[in-house]
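Peer 1: Chain by chain, the residues:
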Amino acid sequence: MTSPSAQPFQVRLPEFEGPLDLLLQLVERNSLPILDVSLALVTEEYVRRVERLEAPPEETSHFLTVASRLLLLKSRRLAPRPEPEPYDPTPDDLAAQLREYQRFKRAAAMLRDLEGRSSYPQLVPPPQPARSTATAALPPAALHRALHRTLRRLERDLPAGELPPRERLRLADAAAAAESIMRAEGSVGLDRLAGPDAGRYEIVVAFLTVLDLVRRRRARAVQEGAFGPVLLYPLEIEAPE
Amino acid sequence: MSEPLPSDEAAVRLEALLFAVGRPATPVELAAALEVPRAVVAEALPRLREQLRTRGVRIQEHEGEWQMSSAPEAARAVERLAGLPAPQRLSPAALEALSVVAYRRPVTRAQVEAVRGVDCSGVLAGLLSRGLIEEAGRAESPGRPILYTTSFEFLRLFGLDSLDQLPPFPEPDEPTV
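The listed protein sequences derive, respectively, from chains X and A. Here our numbering is used: the first residue of the first sequence is 36, the next is one more, and so on. Here our numbering is used: the first residue of the second sequence is 898, the next is one more, and so on.
Only chain A is shown next, with the shape it has when bound in the complex (with noise of 0.2 Å):
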């Protein structure tokens, strides 16, 4: 057996590329720039995040876009030294809508007004404007309504590594007789 590259010196340059370019990449551009067939890469990518969920640095993946970022236990910290503001908190509205467009991706406005039955355009503009939602296509029913999912962003403030780390969907309550 005559690997090109054994897969854990593929994770170091992959932990170092991801490090230095400092945005999101796809594994095809890390393969092209690791010269490395893409399956190595796919291989040690999530290999490389689960080694770095107990380091400062972590791994996050949305949409098939790889992109290092800090813990978010240091939240506070990078913004204290960097000199960021805190993120503004959502309001109860907007966050509601928003748990509706990550757990029922992709939504139209009209299902997430079927749940939480008041009109939602105002909220998800504001969402969109703060780039923690954004435009996925089209649904295929009458008027074609633009359908809508969770941005990179989204992932960024909640300090997710992916949308697979979301909390579990609550159980419905019993109903109550």
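Here chain X stands alone, though its shape is the one from the complex (with noise of 0.2 Å):
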């Protein structure tokens, strides 16, 4: 800091010449109208003073102080004020208000002796989900490929001629493959015990292993929604009958 401050901080203005303090007890006091100070000059005339390095850092504070002050002020003067709420009854004492919330608390009471006697509109009940998954949205090319599935399916279960002897599924091994399925991945679903192109015969058999484990109380079986996949889920024997 070369320059020592040479004098205290002056305000020039047209309207006002002189300390800023002053300015602000002016402006405080109502005796000068702050909507006619251009605080933009003030704030300019400031910011050159410091830029010549002529503002010891204490004023420059106070400068602070003081300007935003003079910001706030004006700032009010130039919003309009919040209006009061429409219907607030300016409750300046608690007494008021407390009479006021003691209404409420009795109009409350009266809801409380109406509650629940309710007024019921027409229970249509919601329409049922489609029985069949036909209205789906289906494109032609999924149509095809299921009916292809189908009838793989069909030539396998119904050969022409001869029946060959079928290979025999025994239902305890199914529960066992089940029951590891389960253990290695939390859950087994219908489906996936039957098998990708599960016949009728694999069908019967997956779901006498489900059950058969439901009965057992080896497993839980769980279905989401109707038409929804069935799972099977792991179930420890607690307390055996």
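No lab work stands behind these hints: they were computed from the structure. Just to be clear, a hint being listed does not mean it is correct.
[Unchecked claim] Calculated pairs, SDA-like style, for lysine to any residue (alpha carbon to alpha carbon, straight line, at most 25 Å): (1) X:109 to X:66; (2) X:109 to X:96; (3) X:109 to X:62; (4) X:109 to X:81; (5) X:109 to X:64; (6) X:140 to A:1060; (7) X:140 to A:1049; (8) X:140 to X:152; (9) X:109 to X:94; (10) X:140 to X:129; (11) X:140 to A:1013; (12) X:140 to A:1066; (13) X:109 to A:1041; (14) X:140 to A:1061; (15) X:140 to A:989; (16) X:140 to A:984; (17) X:109 to X:51; (18) X:109 to X:73; (19) X:140 to A:1062; (20) X:140 to A:1043; (21) X:109 to X:59; (22) X:140 to A:1069; (23) X:109 to A:1038; (24) X:109 to A:1039; (25) X:109 to X:98; (26) X:140 to A:1058; (27) X:140 to X:151; (28) X:140 to A:1016; (29) X:109 to X:67; (30) X:140 to A:1014; (31) X:109 to X:46; (32) X:109 to X:50; (33) X:140 to A:969; (34) X:140 to X:150; (35) X:140 to A:1067; (36) X:109 to X:84; (37) X:140 to A:1025; (38) X:109 to X:60.
Taking the hints as your guide, dock the two standalone chains into a single complex.
Peer 2: Written out as structure tokens, the structure is:
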């Protein structure tokens, strides 16, 4: 700080010349209309003073305080005062507000007496979900694939000529397989037990497996919604009968 | 005087319409369906409501929409037969806030809080999610706060034909000296 502050900061405006503190005092006493005072000019002048290194730091902080106070006063005059809320009864005393609150408390008690005496509109049952998935938008290609899958299954289930000896499935084996999948993966679906190209025989065995596991309390079957997949979750026996 | 439809006949058809449509309907829709001037419907609806006051079905009106519904005295029986749970009772705080909305509608949250003296945002959110109050535009005050008013569901829960049927707002206590 080469140049010591030559003299205290003076505001020079058409309306006012003098120290900033005096300006604030005049404004706060309403002796000078703040709306006529250009705070931008005051600030510009002060910024030049700072640039000339004429402002000691304590003066700068004082300027900030006073100038922000002036800004606040001016902005209050510029912005419309928030109006009181329309119905607000201006409860200047606490007793009035309490009396008002008591009225609402009694209104609430009256409502309590009526609560639950409901008037029900016609209770139209919600529309039932479609019984068939065929109403869903079905691209022709998917329909084509489904048809071929079904035809393949039919060919295998109903072979022409003599029935070949069918591989016999044992329920116990199927149940053990299901349990090992459940242990490894946490759950298993009915469709998985039957296999991707299951015929009627495989599906029956898979379904019996599900029933068997549920009956022996080895698993719990969960179906989320109609036509959803049936999932089996392992169920450890806690207290055998 | 050649009226296209005698008004009691209009009332009969109105009753049929309100029963069959099963949802709130406006006089404009009803008049269009009956092919009568709106004035006939506007005149017949309150009369029909009066006639039904002693019956098991009532007519409720909310903001210009009219709907047929069951008599409130049968609420428990309806719930038993239809397997409906009895509606959950409102907490004292929720009921207080609801009464402020009902008697001062439309109100801002700040106005509800000014009466109750505590923050009401949670309570109002609960009433909104139960559908008992709904937004009704914004106040022209700074910040343009949301205004709340009661809903059709409010009338249903308390079995009121319309907001005119709210019990009169209690008089203030005599200031204790």
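Peer 1: Hints first: check each against the structure and report whether it holds.
Peer 2: Structure-based check of each hint:
1. As the CA atoms of residue 109 of chain X and residue 66 of chain X are separated by approximately 14 Å, the hinted pair is consistent with the 25 Å bound.
2. Using a Cα cut-off of 25 Å, the hinted pair residue 109 of chain X and residue 96 of chain X holds, with the two alpha carbons roughly 20 Å apart.
3. At most 25 Å may separate the alpha-carbon atoms for a hinted pair to count; residue 109 of chain X and residue 62 of chain X meet this at roughly 9 Å.
4. Under the criterion of a C-alpha separation no larger than 25 Å, the hint pairing residue 109 of chain X with residue 81 of chain X is consistent with the structure, at around 18 Å.
5. The suggested pairing of residue 109 of chain X with residue 64 of chain X holds, with an alpha-carbon distance near 13 Å, which does not exceed 25 Å.
6. Pair hint residue 140 of chain X plus residue 1060 of chain A holds up; C-alpha atoms about 19 Å apart against a cutoff of 25 Å.
7. Distance check on the hinted pair: residue 140 of chain X and residue 1049 of chain A sit about 23 Å apart at the alpha-carbon level, within 25 Å; holds.
8. Between residue 140 of chain X and residue 152 of chain X the alpha-carbon distance is near 20 Å, which keeps this suggested pair within the 25 Å criterion.
9. Between residue 109 of chain X and residue 94 of chain X the CA atoms are separated by roughly 22 Å; this keeps the pair inside 25 Å, and the hint holds.
10. For the proposed pair residue 140 of chain X and residue 129 of chain X, the alpha carbon gap of about 16 Å is at most 25 Å, so the pair holds.
11. This hinted pair checks out: residue 140 of chain X and residue 1013 of chain A have alpha carbons roughly 9 Å apart, not beyond 25 Å.
12. Distance restraint check for residue 140 of chain X and residue 1066 of chain A: the Cα-Cα separation of roughly 11 Å lies within the 25 Å cut-off, and the hinted pair is therefore satisfied.
13. Taking the CA atoms of residue 109 of chain X and residue 1041 of chain A, the gap is near 24 Å; set against the 25 Å cutoff, the hint holds.
14. Straight-line distance between C-alpha atoms of residue 140 of chain X and residue 1061 of chain A comes to about 20 Å, which keeps the hinted pair within the 25 Å bound.
15. For a cut-off of 25 Å, the pair hint linking residue 140 of chain X to residue 989 of chain A stands: about 9 Å separates their Cα positions.
16. For the given pair, residue 140 of chain X sits about 21 Å from residue 984 of chain A by alpha-carbon distance, which is consistent with the 25 Å threshold.
17. Between residue 109 of chain X and residue 51 of chain X, the direct Cα distance comes to roughly 16 Å. Compliance with the 25 Å bound is thereby established for this hinted pair.
18. Between the alpha carbons of residue 109 of chain X and residue 73 of chain X the distance comes to roughly 10 Å, so the proposed pair stays at or under 25 Å and holds.
19. Distance hint between residue 140 of chain X and residue 1062 of chain A is fulfilled; the C-alpha atoms sit about 18 Å from each other, no more than 25 Å.
20. With a C-alpha separation of about 24 Å, the suggested pairing of residue 140 of chain X with residue 1043 of chain A holds against the 25 Å cut-off.
21. Note on residue 109 of chain X and residue 59 of chain X: the hinted pairing holds, with a Cα-Cα distance of about 11 Å set against a maximum of 25 Å.
22. Proximity of residue 140 of chain X to residue 1069 of chain A is assessed by CA-CA distance (about 11 Å); at most 25 Å being required, the pair is judged to hold.
23. Among the hinted pairs, residue 109 of chain X with residue 1038 of chain A is consistent with the structure: their alpha-carbon atoms are about 21 Å apart, no more than 25 Å.
24. Distance check on the hinted pair: residue 109 of chain X and residue 1039 of chain A sit about 19 Å apart at the alpha-carbon level, within 25 Å; holds.
25. With a C-alpha separation of about 16 Å, the suggested pairing of residue 109 of chain X with residue 98 of chain X holds against the 25 Å cut-off.
26. For the proposed pair residue 140 of chain X and residue 1058 of chain A, the alpha carbon gap of about 23 Å is at most 25 Å, so the pair holds.
27. A distance of roughly 18 Å separates the Cα atoms of residue 140 of chain X and residue 151 of chain X; the hinted pair therefore holds under the 25 Å criterion.
28. For a cut-off of 25 Å, the pair hint linking residue 140 of chain X to residue 1016 of chain A stands: about 16 Å separates their Cα positions.
29. Pair hint residue 109 of chain X plus residue 67 of chain X holds up; C-alpha atoms about 12 Å apart against a cutoff of 25 Å.
30. Between residue 140 of chain X and residue 1014 of chain A the CA atoms are separated by roughly 13 Å; this keeps the pair inside 25 Å, and the hint holds.
31. For a cut-off of 25 Å, the pair hint linking residue 109 of chain X to residue 46 of chain X stands: about 17 Å separates their Cα positions.
32. Between residue 109 of chain X and residue 50 of chain X, the direct Cα distance comes to roughly 15 Å. Compliance with the 25 Å bound is thereby established for this hinted pair.
33. Among the hinted pairs, residue 140 of chain X with residue 969 of chain A is consistent with the structure: their alpha-carbon atoms are about 23 Å apart, no more than 25 Å.
34. Using a Cα cut-off of 25 Å, the hinted pair residue 140 of chain X and residue 150 of chain X holds, with the two alpha carbons roughly 15 Å apart.
35. For the hint linking residue 140 of chain X to residue 1067 of chain A, the alpha-carbon distance of about 9 Å falls within 25 Å, and the restraint holds.
36. Simply put, residue 109 of chain X and residue 84 of chain X have alpha-carbon atoms about 23 Å apart, close enough for the 25 Å limit, and the pair holds.
37. Our distance criterion of 25 Å between C-alpha atoms is met by residue 140 of chain X and residue 1025 of chain A, whose separation comes to about 20 Å.
38. The straight-line distance between the Cα atoms of residue 109 of chain X and residue 60 of chain X is roughly 14 Å, inside the 25 Å bound, and the hint therefore holds.
Against the hints set out earlier in the document, no violation occurs for any number.
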